[in-house]
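Peer 1: As a plain string of letters, each chain reads:
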Amino acid sequence: MSYSQKEHIEMLQQRKKSDVQRAAEVINSAYSSCVDGSESAFPKMIEELDKMYGGMVRRHLSIAGCNNDENQHTAMQEARIAVWELIKKSRDENMKISSFASYCKGIYYHKVGDVIRVASTVRSRFGENMPSIDETVPSENGTVGDFIAHPIDNGNQPDVTIANVEKRKLYDGIFKLYCQILTELDSEPPRKLALYYARILPHVLYVSFNVEAIPDNKVASPKWAIKRMGNKTIGMLGIESEKEMQQYISSQLIWCDGFWKRLDEMVNTSVGQDFMKNVIFTNEYDEKQIGHMTDYMHKIVAKEWLQQVKKDSKTLEDIVEYCKEMDKISGMVKGGESR
Amino acid sequence: MMHLNDDQLLNLAEIATAEEEFDDEQIQQLEHLKTCRECYESFCLLSAMSDAMSVSASPLFVPNSEKIMLQESAMKIKRKVLATLNFVRKGSVEAVNDAICQINQAGAFLKFGPSLAMATRGVKTNSEATVRLEEFEDEKTYIVFKQDRNELVIQINLHKIETETVHVYLDFEGGTVIEVPLEKNGKLMRGSIANIPENSFQMRIESGSLEK
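First to last, the protein sequences are chains A and B.
Read left to right, the first sequence gives residues 1 to 339 (my numbering).
Read left to right, the second sequence gives residues 1001 to 1212 (my numbering).
Rather than coming from a laboratory, the hints here were simulated on the basis of the structure.
Note that the coordinates shown come from a computational prediction; the quantities given were computed from them, not determined experimentally.
Worth double-checking, as some hints may not be accurate.
Unchecked claim - The calculated lysine-lysine pairs, modelled on DSS-like cross-linking and capped at a C-alpha distance of 25 Å, are:
1. A/Lys311 with B/Lys1187
2. A/Lys232 with B/Lys1080
3. B/Lys1034 with A/Lys299
4. B/Lys1034 with A/Lys328
5. A/Lys105 with A/Lys17
6. A/Lys243 with A/Lys261
7. B/Lys1034 with A/Lys310
8. A/Lys176 with A/Lys6
9. B/Lys1034 with A/Lys324
10. A/Lys16 with B/Lys1034
11. B/Lys1034 with A/Lys6
12. B/Lys1184 with A/Lys243
13. B/Lys1034 with A/Lys261
14. A/Lys51 with A/Lys261
15. A/Lys261 with B/Lys1080
16. A/Lys16 with A/Lys328
17. B/Lys1034 with A/Lys17
18. B/Lys1034 with A/Lys303
19. B/Lys1080 with A/Lys311
20. A/Lys105 with A/Lys44
21. B/Lys1080 with A/Lys243
22. A/Lys314 with B/Lys1034
Could you build all of it, start to finish, from the sequences and the hints given here?
Peer 2: Printed below as a string of structure tokens:
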């Protein structure tokens, strides 16, 4: 049953920083006891960690379209084992990690990422319409059941498959519109290129080629953008980025006329005046500036995106339901600890 | 309470989707969302946007490699290289003429060589050292390099090329690329560039690379 607006927000309000700080203190204290040799504190610590990060695990599985008990259990169990290994290492090295509770977020995050990758591999082999588990797969030297013996997908549950198709359409539409708005906005080309190279391109590379260009817990990386842009001029980056967007996102994406016109304007650079298109991007902007430009443009694009989507009442309705559902899934008390 | 602004809504949405926690002020902002439909809808939309741009959404995107390959082929056809020339900077006036040479001239669409007039007069006039290369079959297509001024002048006659536009790039070692600004006047595209970095480089003349 769907949440009401009020119930949805009340659930989110339970995620208070002050509560988490108290839980973190319990976890850090239990960790300290464990490192000192007391194993009795371990179950309590795991219980608190599961509560703290279980929602994140479920949310990411759900975003990826592979949220089920099996996958939740695998991700949580792998995370718990990694936490135990970390305690043993701390004991061996006689070193305690400060802010252990926060550190563990990375563990849970990466373990759920591993599960998603496996599930994604299975899906890429068999598609959404999974064959029978008894069907022989010559390339795997066994049956489908053998291939997926351990993890980890939605199986052939029709309801999940339909949900994933819908979710895929939703994400696809959201992302393409975001990129379209970026190309059409009347903003300075360096700002647009900063958002493209620091945030959009890494995402696209991951989506299209499974290339982990930037750490997967970051949404953007100016450092990676600088490396990627090298010594290329703004003009060349404009051409390349447009080509990439057309190849990987949508053939309809083109930088607006204003973008190209601005490239033909004279600008003051650190070494004198030049056409903007001839300016080497990374000579003019450092990591910090690219970071600021990326954040700024993201906000501008997000706001414009919001205004455009609001006009489409059907999409609006779908997204509100989607959002309720996602927060409901992440807010569930149960998840992976029962097995 | 007044409506939340877009920055506040985006912030709340990003915290919610990152599964982080809310501070006291944000809890108060959420209170407004309980009763305000307009702000609530905006919050939901921005949350969905954050989810869609999360790496976890990746498995639901399906790259179309076949489509990508087709588009790459199309781009290659659009970006036809008409000529490539090597400029080796030795710093000596006499050496310049020899140091500019076309790569794979036989297979190139445009073929450049020293102009007859320059060959007759020599390359040195007063204090200026100038090299002029002309297209073999079209004297309206030429490259002039004024070494003392460190300036390149380029003119391309589009009549022979049968394309709407031409772009000239200078490729330096280390990946730096500078485009020479060209202006179109009828069928002629002309432009110049000065203060060229004192390194050797390649000049690439392409047709139609900016077509979209």
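Peer 1: Does each hint hold? Answer for all of them.
Peer 2: Hint by hint, here is what the structure shows:
Proposed proximity of A/Lys311 and B/Lys1187 is contradicted: the alpha carbons are some 46 Å apart, above 25 Å. Among the hinted pairs, A/Lys232 with B/Lys1080 is consistent with the structure: their alpha-carbon atoms are about 20 Å apart, no more than 25 Å. For the suggested pair B/Lys1034 and A/Lys299, the alpha carbons sit about 24 Å apart, so the restraint of at most 25 Å is met. With a CA separation close to 16 Å, the supplied pair B/Lys1034 and A/Lys328 stays within the 25 Å bound.
Under the criterion of a C-alpha separation no larger than 25 Å, the hint pairing A/Lys105 with A/Lys17 is consistent with the structure, at around 15 Å. Under the criterion of a C-alpha separation no larger than 25 Å, the hint pairing A/Lys243 with A/Lys261 is consistent with the structure, at around 18 Å. Straight-line distance between C-alpha atoms of B/Lys1034 and A/Lys310 comes to about 19 Å, which keeps the hinted pair within the 25 Å bound. At most 25 Å may separate the alpha-carbon atoms for a hinted pair to count; A/Lys176 and A/Lys6 exceed this at roughly 31 Å.
With a CA separation close to 13 Å, the supplied pair B/Lys1034 and A/Lys324 stays within the 25 Å bound. Under the criterion of a C-alpha separation no larger than 25 Å, the hint pairing A/Lys16 with B/Lys1034 is consistent with the structure, at around 16 Å. Pair hint B/Lys1034 plus A/Lys6 holds up; C-alpha atoms about 5 Å apart against a cutoff of 25 Å. Under the criterion of a C-alpha separation no larger than 25 Å, the hint pairing B/Lys1184 with A/Lys243 is consistent with the structure, at around 24 Å.
Of the supplied pair hints, the one linking B/Lys1034 and A/Lys261 is violated, its CA atoms being roughly 46 Å apart against a limit of 25 Å. Our distance criterion of 25 Å between C-alpha atoms is broken by A/Lys51 and A/Lys261, whose separation comes to about 54 Å. A C-alpha spacing of about 23 Å is found between A/Lys261 and B/Lys1080, which places the hinted pair at or below 25 Å, so the restraint holds. Restraint check for A/Lys16 and A/Lys328: the C-alpha separation of about 16 Å stays at or below 25 Å, so the hint holds.
Restraint check: the Cα-Cα separation between B/Lys1034 and A/Lys17 comes to about 20 Å, which is no more than 25 Å; the hinted pair holds. Between the alpha carbons of B/Lys1034 and A/Lys303 the distance comes to roughly 21 Å, so the proposed pair stays at or under 25 Å and holds. For the suggested pair B/Lys1080 and A/Lys311, the alpha carbons sit about 43 Å apart, so the restraint of at most 25 Å is broken. Distance check on the hinted pair: A/Lys105 and A/Lys44 sit about 17 Å apart at the alpha-carbon level, within 25 Å; holds.
A threshold of 25 Å between alpha carbons decides the hint, and for B/Lys1080 with A/Lys243 the separation of about 15 Å falls inside it, so the pair holds. As the CA atoms of A/Lys314 and B/Lys1034 are separated by approximately 22 Å, the hinted pair is consistent with the 25 Å bound.
Taken one by one, the earlier hints fail for this structure at numbers 1, 8, 13, 14 and 19, listed in ascending order.
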